[in-house]
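A.B. asks: Chains as they are written, first to last, in my numbering: chain F, 1 to 139; chain H, 1001 to 1139; chain V, 2001 to 2139; chain X, 3001 to 3139.
Just so you know, the hints here were simulated from the structure itself, not pulled from any lab data. No experiment lies behind these values; they were computed from the predicted model shown. For glycine and all other residues, C-beta sits at the position ideal for the given N, C-alpha and C. Treat each hint with caution, since some may be false.
Said to hold, decoys possible - Covered stretches of chain X (chain V as the covering partner; in silico rule of three or more C-beta atoms under 8 Å from a C-beta of chain V): (1) 3002-3012; (2) 3019-3027; (3) 3034-3048; (4) 3054-3065; (5) 3101-3110.
Stated by the list, open to error - From the derived model, a few chain V residues whose C-beta atoms are all more than 12 Å from chain X: (6) 2001; (7) 2007; (8) 2010; (9) 2049; (10) 2091; (11) 2097; (12) 2100; (13) 2103; (14) 2116; (15) 2123; (16) 2134.
Protein chains: 4
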Amino acid sequence: MVARVRDSIERQGMMATLGAELIGIERGRVEIALRYDDRFTQQHGFLHAGAVASVLDSACGYAAYSVMPPDASVLTVTYTINLLAPAAGQHFAMIGQVVRAGRNLVVCRGEAFADGAERPFAAMQATMSAIYNRPGVSG
Amino acid sequence: MVARVRDSIERQGMMATLGAELIGIERGRVEIALRYDDRFTQQHGFLHAGAVASVLDSACGYAAYSVMPPDASVLTVTYTINLLAPAAGQHFAMIGQVVRAGRNLVVCRGEAFADGAERPFAAMQATMSAIYNRPGVSG
Amino acid sequence: MVARVRDSIERQGMMATLGAELIGIERGRVEIALRYDDRFTQQHGFLHAGAVASVLDSACGYAAYSVMPPDASVLTVTYTINLLAPAAGQHFAMIGQVVRAGRNLVVCRGEAFADGAERPFAAMQATMSAIYNRPGVSG
Amino acid sequence: MVARVRDSIERQGMMATLGAELIGIERGRVEIALRYDDRFTQQHGFLHAGAVASVLDSACGYAAYSVMPPDASVLTVTYTINLLAPAAGQHFAMIGQVVRAGRNLVVCRGEAFADGAERPFAAMQATMSAIYNRPGVSG
Chain F
1 MVARVRDSIE
11 RQGMMATLGA
21 ELIGIERGRV
31 EIALRYDDRF
41 TQQHGFLHAG
51 AVASVLDSAC
61 GYAAYSVMPP
71 DASVLTVTYT
81 INLLAPAAGQ
91 HFAMIGQVVR
101 AGRNLVVCRG
111 EAFADGAERP
121 FAAMQATMSA
131 IYNRPGVSG
Chain H
1001 MVARVRDSIE
1011 RQGMMATLGA
1021 ELIGIERGRV
1031 EIALRYDDRF
1041 TQQHGFLHAG
1051 AVASVLDSAC
1061 GYAAYSVMPP
1071 DASVLTVTYT
1081 INLLAPAAGQ
1091 HFAMIGQVVR
1101 AGRNLVVCRG
1111 EAFADGAERP
1121 FAAMQATMSA
1131 IYNRPGVSG
Chain V
2001 MVARVRDSIE
2011 RQGMMATLGA
2021 ELIGIERGRV
2031 EIALRYDDRF
2041 TQQHGFLHAG
2051 AVASVLDSAC
2061 GYAAYSVMPP
2071 DASVLTVTYT
2081 INLLAPAAGQ
2091 HFAMIGQVVR
2101 AGRNLVVCRG
2111 EAFADGAERP
2121 FAAMQATMSA
2131 IYNRPGVSG
Chain X
3001 MVARVRDSIE
3011 RQGMMATLGA
3021 ELIGIERGRV
3031 EIALRYDDRF
3041 TQQHGFLHAG
3051 AVASVLDSAC
3061 GYAAYSVMPP
3071 DASVLTVTYT
3081 INLLAPAAGQ
3091 HFAMIGQVVR
3101 AGRNLVVCRG
3111 EAFADGAERP
3121 FAAMQATMSA
3131 IYNRPGVSG
């Protein structure tokens, strides 16, 4: 399972572009790290919500993937993200966890933390889909 | 108003990194274009939901900003995005529109279209906040 | 199709309790009316968000159901609702419309209007699931 | 604070209609109980998502209210609810908790449990607004 997750995330051009780093994989829980970079800012110099959401989405997606059967692929159906405070800081930890897994849909929650803070600055609730036997969709 | 929006979007490192291009600004409506690039893909080679969300979020945020008083700054409070179909294609049009504007909160809807299709492949519902007189937050 | 929708909605105890009335059914669009009643208020005397959401959810669910195959049943996967203004008024029109329908998931948007107003006071983005052959789930 | 929450929730016609019962109030956490009743069902006989959402919304709203200044009133801005499984059972516990509180906005998460189950059947992420000095809005 760890190999499947690692292999899939390494195929994400977006994670490479953002410099996101896979920190931990457990069954139902994935942590990804992101560093501040002014290539990914919004207009006030904070990290853009889209960069935060990209990494949280991947963390939730792979948390879901980690509980799916080996022949399933994962796609994001929908997510809601709250930006609880500006994404100020240098090191960001993004954690995705499975809330409940059904046969076709897996619901996850994600939280983003800046510089070791205890309280998250962003919170996600995400619905992931398990895909089987669809051409062009693997992993 | 157009100058304020253009000036603010040009300060977004994230939009430059994604190569996003501002196509149109009207009062309450902003359109941004994005091209396919394998730097922004997910594991199946489609555009990553995070790239789509980043640009839709900016389109909605600036649509909201376009109806705010000149001394307001804009921050994303929360959004929900549905990925209706994989982000397959070469040219993507992301359109954000104001649904209703209050004094402090502006709610917008966004839609993303691939290669001139009539039906969107992604839909967003976003809540934006007007910020006044907060140090470090301008535009 | 109209008969299937009408039959299913008549089995909803919640719609009867709220006094909700089915106004219109087209392929991909359902309208339901609700009257103000102090049995359904929140603490300031406005209609409770839950009453608004209940009816919008049903309007979106049946809009989705109206485009599903005859042997499908419909369940709500997730929705996001924005309360754009307090639900003040006497007569409320709730409209659900399909944005895009896939094989298993149908995404809808809903809007709620008070007393014939042009601008909605609530907006929903909903994900509905088509269920096949599940015991106890029909219609 | 407990008296303020209790007083406000008793003014909600919707909670009385649903027979919802306030079980616990702590700073940042509110629990409300709901019993199965066929007046609040959807078409398959499960509890309607709207009934679940109404009570979770109130649990989250009062969790937010419990951390606001005494002169604030609370209104729901937006929430996302995932129905993780059909609302089957007789006794439902709905718990709202504050994730992070700002001056004007408080973000909460809610979970709904059936018949003492460990895993929730519904999950909410909600954004609540603190209102000051608005005529007709108190509590």
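A.B. asks: Give a verdict on every hint.
C.D. replies: These are the hints, each one checked on the structure:
1. Taking a C-beta to C-beta cut-off of 8 Å, the segment 3002-3012 of chain X contributes 4 residues in contact with chain V, enough for the three needed, and the coverage statement holds.
2. For the segment 3019-3027 of chain X, the stated coverage by chain V is violated: 0 residues have a C-beta nearer than 8 Å to a C-beta of that chain, whereas at least 3 were required.
3. Counting residues of the segment 3034-3048 of chain X whose CB lies closer than 8 Å to any CB of chain V gives 10, which reaches the minimum of 3, so the coverage claim holds.
4. Counting residues of the segment 3054-3065 of chain X whose CB lies closer than 8 Å to any CB of chain V gives 4, which reaches the minimum of 3, so the coverage claim holds.
5. Taking a C-beta to C-beta cut-off of 8 Å, the segment 3101-3110 of chain X contributes 0 residues in contact with chain V, too few for the three needed, and the coverage statement is violated.
6. Separation of residue 2001 of chain V from chain X is adequate, the least Cβ-Cβ distance of about 15 Å exceeding the 12 Å criterion.
7. With a least beta-carbon separation of about 9 Å from chain X, residue 2007 of chain V fails to lie farther than 12 Å from that chain, contradicting its non-interface assignment.
8. The non-interface label for residue 2010 of chain V is inconsistent with chain X: the shortest C-beta to C-beta separation is roughly 8 Å, within 12 Å.
9. Not every beta carbon of chain X lies more than 12 Å from that of residue 2049 of chain V, the smallest distance being close to 5 Å; the non-interface claim is violated.
10. With 12 Å as the threshold on Cβ separation, the claim that residue 2091 of chain V sits away from chain X holds: the shortest Cβ distance comes to roughly 18 Å.
11. Once the 12 Å rule is applied to beta carbons, residue 2097 of chain V is consistent with being away from chain X; the minimum gap is 18 Å.
12. Residue placement check: residue 2100 of chain V keeps its beta carbon more than 12 Å from all beta carbons of chain X (closest about 19 Å).
13. For residue 2103 of chain V, the requirement that its beta carbon stay farther than 12 Å from each beta carbon of chain X is met, with the minimum near 20 Å.
14. With 12 Å as the threshold on Cβ separation, the claim that residue 2116 of chain V sits away from chain X holds: the shortest Cβ distance comes to roughly 21 Å.
15. Here residue 2123 of chain V does not stay apart from chain X, with its beta-carbon only about 9 Å from theirs, under the 12 Å limit.
16. Consistency note on residue 2134 of chain V: stated as away from chain X, yet its beta-carbon is not over 12 Å from all of that chain's, at 9 Å minimum.
In the structure shown, a violation is registered for the earlier hints numbered 2, 5, 7, 8, 9, 15, 16, in ascending order.
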